[in-house]
Amino acid sequence: MHEQIASFRAALDARPVSSYQWHLLVLLILLLVTDGYDAQVLGYVIPALAQDWSLEKAAFGPVFSANLLGLTLGSLLVTPLADRLGVRRVLLGCVLLYAGLTVLMVFATTLDSLMLARFLCGIGMGGAMPSAMALMADYAPPRLRTLMVTLAACGFSLGGAAGGFVAAGFIDRFGWQAVFLTGGVAPLLLLPFLALFLPESLPRLLRDAPPHARLQRLAARMLPGWRLPVAEPAGDTQVVSRFTVPDLFRDGFARPTLLIWGTFFVSLILLYFMISWLPSLLQESGLALRQANLVTSLFLFAGTLGAVCLAWCADRVVHKARLLAVVLLGAALFSVLVGLNHADPRWLVPSVFAAGFCIIGGQLTLNAFVSNFYPAPVRATGTGWALGVGRFGSILGPLFGSLLLANQVPVQWILMLCAIPALVAAVLISQVRGPAPLR
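If you use the working numbering, the sequence shown corresponds to residues 1 to 439, in order.
These are computed hints drawn from the structure, not numbers from a lab.
Only a predicted model underlies this, so the values are computations on that prediction, with no experimental measurement involved.
Backbone N, C-alpha and C fix where the C-beta goes; we use that ideal spot for every residue, glycine too.
Pairwise CB distance ranges (calculated):
(1) P142 <-> P192: 28 to 34 Å
(2) Q431 <-> E3: 26 to 32 Å
(3) V185 <-> L77: 24 to 30 Å
(4) W22 <-> K57: 40 to 46 Å
(5) P192 <-> C309: 32 to 38 Å
(6) R173 <-> F197: 33 to 39 Å
(7) H23 <-> A50: 38 to 44 Å
(8) S7 <-> C309: 30 to 36 Å
(9) L96 <-> P211: 30 to 36 Å
(10) R173 <-> G61: 24 to 30 Å
Modelling step: build the complete structure from the supplied sequences, incorporating the hints.
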(Lines of atoms letter the chains of each structure in order from A and count residues from 1; the text may use other names and numbers.)
(Lines give C-alpha, C1' and ligand atoms only; values in the text may rest on other atoms or scores of the structure.)
Protein backbone atom coordinates (compact mmCIF):
# COMPACT_ATOMS: atom_id res chain seq x y z
CA MET A 1 0.00 0.00 0.00
CA HIS A 2 2.81 2.43 0.83
CA GLU A 3 4.21 2.20 -2.71
CA GLN A 4 0.77 2.86 -4.17
CA ILE A 5 0.21 5.88 -1.91
CA ALA A 6 3.65 7.22 -2.86
CA SER A 7 2.82 6.85 -6.55
CA PHE A 8 -0.48 8.69 -6.11
CA ARG A 9 1.22 11.50 -4.13
CA ALA A 10 3.93 11.89 -6.79
CA ALA A 11 1.33 12.13 -9.53
CA LEU A 12 -0.59 14.78 -7.58
CA ASP A 13 2.57 16.80 -7.04
CA ALA A 14 3.58 16.66 -10.70
CA ARG A 15 0.32 18.08 -12.07
CA PRO A 16 -1.70 21.28 -11.69
CA VAL A 17 -4.47 21.26 -9.10
CA SER A 18 -7.59 19.86 -10.76
CA SER A 19 -11.02 21.45 -10.62
CA TYR A 20 -12.16 18.43 -8.57
CA GLN A 21 -9.56 19.20 -5.88
CA TRP A 22 -10.68 22.84 -5.73
CA HIS A 23 -14.31 21.74 -5.45
CA LEU A 24 -13.33 19.36 -2.66
CA LEU A 25 -11.61 22.22 -0.83
CA VAL A 26 -14.70 24.43 -1.15
CA LEU A 27 -16.96 21.64 0.14
CA LEU A 28 -14.74 21.04 3.16
CA ILE A 29 -14.55 24.76 3.91
CA LEU A 30 -18.36 24.94 3.85
CA LEU A 31 -18.58 21.85 6.03
CA LEU A 32 -16.24 23.36 8.61
CA VAL A 33 -18.11 26.68 8.47
CA THR A 34 -21.19 24.80 9.70
CA ASP A 35 -19.05 22.96 12.27
CA GLY A 36 -17.58 26.22 13.59
CA TYR A 37 -20.98 27.90 13.67
CA ASP A 38 -22.51 25.10 15.71
CA ALA A 39 -19.49 24.97 18.02
CA GLN A 40 -19.84 28.68 18.92
CA VAL A 41 -23.60 29.15 18.64
CA LEU A 42 -24.37 28.52 22.31
CA GLY A 43 -22.38 31.52 23.48
CA TYR A 44 -24.36 33.83 21.20
CA VAL A 45 -27.80 32.67 22.38
CA ILE A 46 -27.16 32.37 26.13
CA PRO A 47 -28.20 35.98 26.98
CA ALA A 48 -31.58 35.59 25.23
CA LEU A 49 -32.02 32.03 26.44
CA ALA A 50 -31.31 32.96 30.05
CA GLN A 51 -33.86 35.75 29.89
CA ASP A 52 -36.48 33.52 28.27
CA TRP A 53 -35.99 30.75 30.84
CA SER A 54 -35.61 33.19 33.80
CA LEU A 55 -32.17 31.81 34.70
CA GLU A 56 -28.83 33.34 35.56
CA LYS A 57 -26.19 33.09 32.85
CA ALA A 58 -23.96 31.20 35.29
CA ALA A 59 -26.52 28.37 35.29
CA PHE A 60 -25.41 27.46 31.77
CA GLY A 61 -21.88 26.61 32.89
CA PRO A 62 -22.57 22.83 32.92
CA VAL A 63 -23.92 23.10 29.37
CA PHE A 64 -20.64 24.61 28.19
CA SER A 65 -18.71 21.91 30.05
CA ALA A 66 -20.82 19.15 28.50
CA ASN A 67 -20.17 20.58 25.04
CA LEU A 68 -16.40 20.73 25.62
CA LEU A 69 -16.45 17.16 26.95
CA GLY A 70 -18.29 16.03 23.83
CA LEU A 71 -15.78 17.82 21.59
CA THR A 72 -12.94 16.11 23.41
CA LEU A 73 -14.48 12.65 23.18
CA GLY A 74 -15.32 13.20 19.52
CA SER A 75 -11.69 14.01 18.72
CA LEU A 76 -10.37 11.06 20.74
CA LEU A 77 -12.90 8.34 19.93
CA VAL A 78 -14.45 9.12 16.54
CA THR A 79 -11.25 9.70 14.56
CA PRO A 80 -9.84 6.17 15.09
CA LEU A 81 -13.11 4.91 13.58
CA ALA A 82 -12.50 7.17 10.58
CA ASP A 83 -9.15 5.50 9.90
CA ARG A 84 -10.66 2.03 10.24
CA LEU A 85 -14.07 2.44 8.60
CA GLY A 86 -13.29 5.23 6.16
CA VAL A 87 -13.12 8.98 6.70
CA ARG A 88 -16.02 9.76 4.34
CA ARG A 89 -18.69 7.68 6.05
CA VAL A 90 -17.63 8.80 9.54
CA LEU A 91 -17.55 12.43 8.43
CA LEU A 92 -21.06 12.21 6.99
CA GLY A 93 -22.25 10.60 10.22
CA CYS A 94 -20.71 13.41 12.28
CA VAL A 95 -22.42 16.08 10.15
CA LEU A 96 -25.79 14.32 10.45
CA LEU A 97 -25.34 14.03 14.23
CA TYR A 98 -24.52 17.64 15.01
CA ALA A 99 -26.94 19.04 12.42
CA GLY A 100 -29.89 16.99 13.64
CA LEU A 101 -29.23 17.72 17.30
CA THR A 102 -28.84 21.45 16.64
CA VAL A 103 -32.30 21.45 15.04
CA LEU A 104 -33.68 19.59 18.07
CA MET A 105 -32.28 22.28 20.39
CA VAL A 106 -35.07 24.53 19.08
CA PHE A 107 -37.42 22.41 21.19
CA ALA A 108 -35.27 22.33 24.36
CA THR A 109 -37.13 23.49 27.46
CA THR A 110 -34.77 22.51 30.30
CA LEU A 111 -31.08 22.78 31.09
CA ASP A 112 -30.79 18.99 31.24
CA SER A 113 -32.17 18.49 27.73
CA LEU A 114 -29.95 21.26 26.37
CA MET A 115 -26.92 19.83 28.15
CA LEU A 116 -27.49 16.33 26.71
CA ALA A 117 -28.00 17.71 23.22
CA ARG A 118 -24.83 19.81 23.39
CA PHE A 119 -22.81 16.84 24.69
CA LEU A 120 -23.89 14.60 21.79
CA CYS A 121 -23.57 17.47 19.34
CA GLY A 122 -20.00 18.00 20.61
CA ILE A 123 -19.11 14.39 19.76
CA GLY A 124 -20.13 14.98 16.15
CA MET A 125 -18.34 18.32 15.92
CA GLY A 126 -15.22 16.95 17.60
CA GLY A 127 -14.96 14.17 15.03
CA ALA A 128 -15.77 16.32 12.00
CA MET A 129 -12.86 18.78 12.00
CA PRO A 130 -9.92 16.32 12.16
CA SER A 131 -11.65 14.00 9.70
CA ALA A 132 -12.18 16.84 7.22
CA MET A 133 -8.55 17.95 7.51
CA ALA A 134 -7.34 14.36 7.05
CA LEU A 135 -9.44 14.01 3.89
CA MET A 136 -8.07 17.27 2.48
CA ALA A 137 -4.53 16.14 3.28
CA ASP A 138 -5.14 12.91 1.36
CA TYR A 139 -6.00 14.67 -1.91
CA ALA A 140 -4.00 17.91 -1.77
CA PRO A 141 -0.74 18.00 -3.76
CA PRO A 142 2.18 17.63 -1.31
CA ARG A 143 3.61 20.97 -2.46
CA LEU A 144 0.37 22.75 -1.42
CA ARG A 145 -0.89 20.43 1.29
CA THR A 146 -0.31 22.69 4.29
CA LEU A 147 -1.95 25.64 2.54
CA MET A 148 -5.02 23.70 1.40
CA VAL A 149 -5.54 21.99 4.76
CA THR A 150 -5.19 25.33 6.53
CA LEU A 151 -7.68 26.97 4.16
CA ALA A 152 -10.15 24.21 4.98
CA ALA A 153 -9.54 24.67 8.72
CA CYS A 154 -10.17 28.42 8.38
CA GLY A 155 -13.79 27.51 7.67
CA PHE A 156 -14.18 26.65 11.36
CA SER A 157 -13.17 30.12 12.55
CA LEU A 158 -15.25 31.78 9.82
CA GLY A 159 -18.28 29.78 10.92
CA GLY A 160 -17.77 30.82 14.53
CA ALA A 161 -17.64 34.46 13.49
CA ALA A 162 -20.71 34.06 11.25
CA GLY A 163 -22.72 32.90 14.24
CA GLY A 164 -22.37 36.33 15.82
CA PHE A 165 -23.79 38.07 12.75
CA VAL A 166 -26.68 35.60 12.51
CA ALA A 167 -27.47 36.01 16.20
CA ALA A 168 -27.37 39.81 15.92
CA GLY A 169 -29.77 39.75 12.98
CA PHE A 170 -32.15 36.98 14.06
CA ILE A 171 -32.63 36.97 17.84
CA ASP A 172 -34.55 40.25 18.13
CA ARG A 173 -36.80 39.43 15.17
CA PHE A 174 -37.29 35.66 15.40
CA GLY A 175 -36.00 34.58 18.82
CA TRP A 176 -33.05 32.44 19.89
CA GLN A 177 -34.66 29.39 18.26
CA ALA A 178 -33.90 30.80 14.80
CA VAL A 179 -30.16 30.81 15.54
CA PHE A 180 -30.20 27.10 16.41
CA LEU A 181 -32.47 26.33 13.45
CA THR A 182 -30.05 28.02 11.06
CA GLY A 183 -27.14 26.05 12.54
CA GLY A 184 -28.98 22.77 12.00
CA VAL A 185 -30.61 23.34 8.62
CA ALA A 186 -27.47 24.65 6.89
CA PRO A 187 -25.42 21.42 7.31
CA LEU A 188 -28.49 19.32 6.50
CA LEU A 189 -28.81 21.19 3.19
CA LEU A 190 -25.10 20.65 2.57
CA LEU A 191 -25.25 16.94 3.42
CA PRO A 192 -26.55 15.69 0.01
CA PHE A 193 -23.72 17.49 -1.78
CA LEU A 194 -21.20 15.99 0.64
CA ALA A 195 -22.66 12.52 0.06
CA LEU A 196 -22.48 12.96 -3.71
CA PHE A 197 -19.04 14.52 -4.09
CA LEU A 198 -16.84 13.66 -1.09
CA PRO A 199 -14.39 10.85 -1.88
CA GLU A 200 -13.43 8.10 0.53
CA SER A 201 -10.00 8.33 2.14
CA LEU A 202 -7.12 7.07 0.01
CA PRO A 203 -6.02 4.18 2.30
CA ARG A 204 -9.61 2.95 2.44
CA LEU A 205 -9.90 2.96 -1.39
CA LEU A 206 -6.66 0.99 -1.63
CA ARG A 207 -8.20 -1.73 0.53
CA ASP A 208 -10.83 -2.42 -2.15
CA ALA A 209 -10.35 -5.57 -4.15
CA PRO A 210 -8.58 -5.18 -7.50
CA PRO A 211 -9.12 -3.48 -9.92
CA HIS A 212 -9.87 -0.74 -7.33
CA ALA A 213 -12.77 0.64 -9.34
CA ARG A 214 -13.60 3.50 -6.93
CA LEU A 215 -10.01 4.74 -6.90
CA GLN A 216 -9.74 4.52 -10.70
CA ARG A 217 -12.93 6.58 -11.10
CA LEU A 218 -11.56 9.17 -8.70
CA ALA A 219 -8.16 9.22 -10.43
CA ALA A 220 -9.88 9.83 -13.78
CA ARG A 221 -11.21 13.12 -12.35
CA MET A 222 -7.98 14.20 -10.66
CA LEU A 223 -5.18 12.44 -12.54
CA PRO A 224 -6.27 11.43 -16.06
CA GLY A 225 -4.03 8.69 -17.41
CA TRP A 226 -2.60 7.63 -14.02
CA ARG A 227 -2.66 3.90 -13.32
CA LEU A 228 -2.40 2.25 -9.93
CA PRO A 229 0.84 0.28 -9.57
CA VAL A 230 0.60 -3.35 -8.51
CA ALA A 231 1.00 -3.77 -4.75
CA GLU A 232 3.78 -5.87 -3.29
CA PRO A 233 2.57 -9.34 -2.20
CA ALA A 234 3.46 -8.64 1.46
CA GLY A 235 0.95 -5.81 1.56
CA ASP A 236 -0.01 -3.82 4.65
CA THR A 237 -2.84 -5.97 5.93
CA GLN A 238 -1.72 -5.44 9.51
CA VAL A 239 -2.72 -1.80 9.27
CA VAL A 240 -6.34 -2.79 8.68
CA SER A 241 -6.61 -5.12 11.65
CA ARG A 242 -4.91 -3.00 14.30
CA PHE A 243 -6.51 -0.39 16.51
CA THR A 244 -5.01 2.81 15.14
CA VAL A 245 -4.12 4.75 18.33
CA PRO A 246 -1.12 2.49 19.21
CA ASP A 247 0.25 3.20 15.72
CA LEU A 248 0.93 6.76 16.88
CA PHE A 249 3.64 5.29 19.14
CA ARG A 250 5.18 2.76 16.72
CA ASP A 251 7.99 3.04 14.20
CA GLY A 252 9.66 6.05 15.79
CA PHE A 253 6.51 8.14 16.28
CA ALA A 254 6.31 7.89 20.10
CA ARG A 255 8.52 10.87 20.98
CA PRO A 256 7.13 13.27 18.33
CA THR A 257 3.58 12.24 19.24
CA LEU A 258 4.09 13.20 22.89
CA LEU A 259 5.75 16.47 21.87
CA ILE A 260 2.89 17.30 19.51
CA TRP A 261 0.32 16.55 22.21
CA GLY A 262 2.17 18.79 24.64
CA THR A 263 2.32 21.57 22.05
CA PHE A 264 -1.41 21.37 21.39
CA PHE A 265 -2.18 21.34 25.11
CA VAL A 266 -0.30 24.54 25.96
CA SER A 267 -1.09 26.36 22.70
CA LEU A 268 -4.83 25.83 23.20
CA ILE A 269 -4.53 27.09 26.78
CA LEU A 270 -3.24 30.34 25.28
CA LEU A 271 -5.74 30.50 22.42
CA TYR A 272 -8.86 29.90 24.51
CA PHE A 273 -7.62 32.21 27.26
CA MET A 274 -7.32 35.04 24.73
CA ILE A 275 -10.64 34.31 23.01
CA SER A 276 -12.48 34.10 26.33
CA TRP A 277 -10.97 37.02 28.23
CA LEU A 278 -9.48 39.53 25.79
CA PRO A 279 -12.66 41.68 25.54
CA SER A 280 -13.00 41.82 29.33
CA LEU A 281 -9.32 42.58 29.86
CA LEU A 282 -9.43 45.39 27.31
CA GLN A 283 -12.46 46.84 29.07
CA GLU A 284 -10.54 46.69 32.35
CA SER A 285 -7.82 48.68 30.58
CA GLY A 286 -10.24 51.53 29.90
CA LEU A 287 -11.66 50.74 26.45
CA ALA A 288 -15.39 51.04 25.84
CA LEU A 289 -17.28 47.80 25.18
CA ARG A 290 -17.62 48.56 21.45
CA GLN A 291 -13.91 49.33 21.15
CA ALA A 292 -12.96 46.19 23.07
CA ASN A 293 -15.14 44.05 20.77
CA LEU A 294 -13.69 45.68 17.65
CA VAL A 295 -10.12 45.08 18.82
CA THR A 296 -11.01 41.45 19.62
CA SER A 297 -12.50 41.07 16.13
CA LEU A 298 -9.21 42.38 14.76
CA PHE A 299 -7.44 39.66 16.76
CA LEU A 300 -9.61 36.99 15.09
CA PHE A 301 -9.26 38.49 11.60
CA ALA A 302 -5.49 38.68 11.96
CA GLY A 303 -5.47 34.99 12.89
CA THR A 304 -7.22 33.95 9.68
CA LEU A 305 -4.84 36.10 7.64
CA GLY A 306 -1.91 34.65 9.58
CA ALA A 307 -3.02 31.09 8.92
CA VAL A 308 -3.08 31.61 5.15
CA CYS A 309 0.30 33.40 5.08
CA LEU A 310 2.00 30.89 7.39
CA ALA A 311 0.60 27.90 5.50
CA TRP A 312 1.94 29.36 2.24
CA CYS A 313 5.36 29.69 3.88
CA ALA A 314 5.18 26.21 5.42
CA ASP A 315 4.73 24.59 2.02
CA ARG A 316 8.01 26.19 0.96
CA VAL A 317 10.24 25.17 3.87
CA VAL A 318 11.58 21.76 4.77
CA HIS A 319 11.59 22.13 8.57
CA LYS A 320 7.98 23.07 9.23
CA ALA A 321 8.34 22.48 12.97
CA ARG A 322 11.04 25.15 13.14
CA LEU A 323 8.80 27.63 11.35
CA LEU A 324 6.07 26.94 13.89
CA ALA A 325 8.55 27.41 16.74
CA VAL A 326 9.48 30.85 15.38
CA VAL A 327 5.79 31.77 15.07
CA LEU A 328 5.11 30.71 18.66
CA LEU A 329 8.09 32.74 19.84
CA GLY A 330 6.45 35.65 18.03
CA ALA A 331 3.23 34.90 19.90
CA ALA A 332 5.15 35.17 23.20
CA LEU A 333 6.78 38.45 22.20
CA PHE A 334 3.57 40.09 21.01
CA SER A 335 1.65 38.89 24.09
CA VAL A 336 4.17 40.82 26.18
CA LEU A 337 3.72 43.87 23.93
CA VAL A 338 -0.07 43.68 24.31
CA GLY A 339 0.43 43.76 28.07
CA LEU A 340 2.86 46.65 27.94
CA ASN A 341 0.61 48.67 25.62
CA HIS A 342 -2.78 47.68 27.04
CA ALA A 343 -3.65 51.26 28.00
CA ASP A 344 -2.31 52.96 24.85
CA PRO A 345 -4.62 52.42 21.83
CA ARG A 346 -1.97 53.69 19.40
CA TRP A 347 0.25 50.70 20.11
CA LEU A 348 -2.39 48.30 21.40
CA VAL A 349 -4.06 47.78 18.01
CA PRO A 350 -0.90 46.74 16.09
CA SER A 351 0.21 44.60 19.06
CA VAL A 352 -3.15 42.77 19.15
CA PHE A 353 -3.06 42.30 15.37
CA ALA A 354 0.42 40.79 15.52
CA ALA A 355 -0.55 38.59 18.48
CA GLY A 356 -3.61 37.28 16.62
CA PHE A 357 -1.50 36.65 13.51
CA CYS A 358 0.85 34.43 15.51
CA ILE A 359 -1.51 32.84 18.06
CA ILE A 360 -4.50 31.92 15.88
CA GLY A 361 -2.50 31.68 12.66
CA GLY A 362 0.04 29.47 14.39
CA GLN A 363 -2.65 27.20 15.82
CA LEU A 364 -4.39 26.69 12.47
CA THR A 365 -1.04 26.00 10.80
CA LEU A 366 -0.22 23.59 13.63
CA ASN A 367 -3.48 21.74 12.86
CA ALA A 368 -2.39 21.39 9.24
CA PHE A 369 1.11 20.33 10.29
CA VAL A 370 -0.14 17.41 12.35
CA SER A 371 -2.56 16.28 9.63
CA ASN A 372 0.48 16.01 7.33
CA PHE A 373 2.84 14.49 9.87
CA TYR A 374 1.40 10.99 10.24
CA PRO A 375 1.16 8.29 7.56
CA ALA A 376 -2.07 8.16 5.60
CA PRO A 377 -3.55 5.06 7.38
CA VAL A 378 -3.52 6.87 10.78
CA ARG A 379 -3.82 10.48 9.65
CA ALA A 380 -7.30 11.13 11.07
CA THR A 381 -6.36 9.43 14.35
CA GLY A 382 -3.17 11.47 14.69
CA THR A 383 -4.99 14.73 14.02
CA GLY A 384 -7.96 13.85 16.23
CA TRP A 385 -5.90 12.81 19.23
CA ALA A 386 -3.69 15.90 19.03
CA LEU A 387 -6.82 18.07 19.03
CA GLY A 388 -8.45 15.91 21.70
CA VAL A 389 -5.53 16.26 24.11
CA GLY A 390 -5.40 19.95 23.27
CA ARG A 391 -9.07 20.31 24.22
CA PHE A 392 -8.10 19.79 27.85
CA GLY A 393 -5.95 22.89 27.48
CA SER A 394 -8.89 24.76 25.96
CA ILE A 395 -10.85 23.97 29.14
CA LEU A 396 -8.04 25.15 31.43
CA GLY A 397 -7.37 28.43 29.57
CA PRO A 398 -10.61 30.19 30.58
CA LEU A 399 -10.29 28.78 34.12
CA PHE A 400 -6.82 30.29 34.50
CA GLY A 401 -8.22 33.63 33.37
CA SER A 402 -11.01 33.59 35.94
CA LEU A 403 -8.51 32.62 38.65
CA LEU A 404 -6.16 35.50 37.80
CA LEU A 405 -9.01 37.99 37.67
CA ALA A 406 -10.44 36.71 40.96
CA ASN A 407 -7.06 37.31 42.59
CA GLN A 408 -7.01 40.86 41.17
CA VAL A 409 -3.81 40.36 39.18
CA PRO A 410 -3.20 43.56 37.14
CA VAL A 411 -4.31 43.39 33.50
CA GLN A 412 -0.79 44.14 32.31
CA TRP A 413 0.62 41.12 34.10
CA ILE A 414 -2.23 38.82 33.04
CA LEU A 415 -1.56 39.61 29.38
CA MET A 416 2.20 39.30 29.78
CA LEU A 417 1.78 35.90 31.46
CA CYS A 418 0.34 34.66 28.14
CA ALA A 419 3.93 34.52 26.93
CA ILE A 420 4.59 31.48 29.14
CA PRO A 421 2.44 28.89 27.27
CA ALA A 422 3.63 30.33 23.95
CA LEU A 423 7.27 29.84 24.98
CA VAL A 424 6.60 26.29 26.20
CA ALA A 425 4.81 25.45 22.93
CA ALA A 426 7.72 26.87 20.91
CA VAL A 427 10.23 24.70 22.78
CA LEU A 428 8.11 21.55 22.40
CA ILE A 429 7.38 21.90 18.69
CA SER A 430 11.02 22.75 17.92
CA GLN A 431 11.98 19.27 19.16
CA VAL A 432 9.61 17.40 16.79
CA ARG A 433 11.43 15.32 14.23
CA GLY A 434 9.63 12.86 12.00
CA PRO A 435 10.96 9.31 11.70
CA ALA A 436 10.49 9.57 7.93
CA PRO A 437 9.68 12.27 5.37
CA LEU A 438 6.24 13.80 5.74
CA ARG A 439 3.62 11.96 3.72
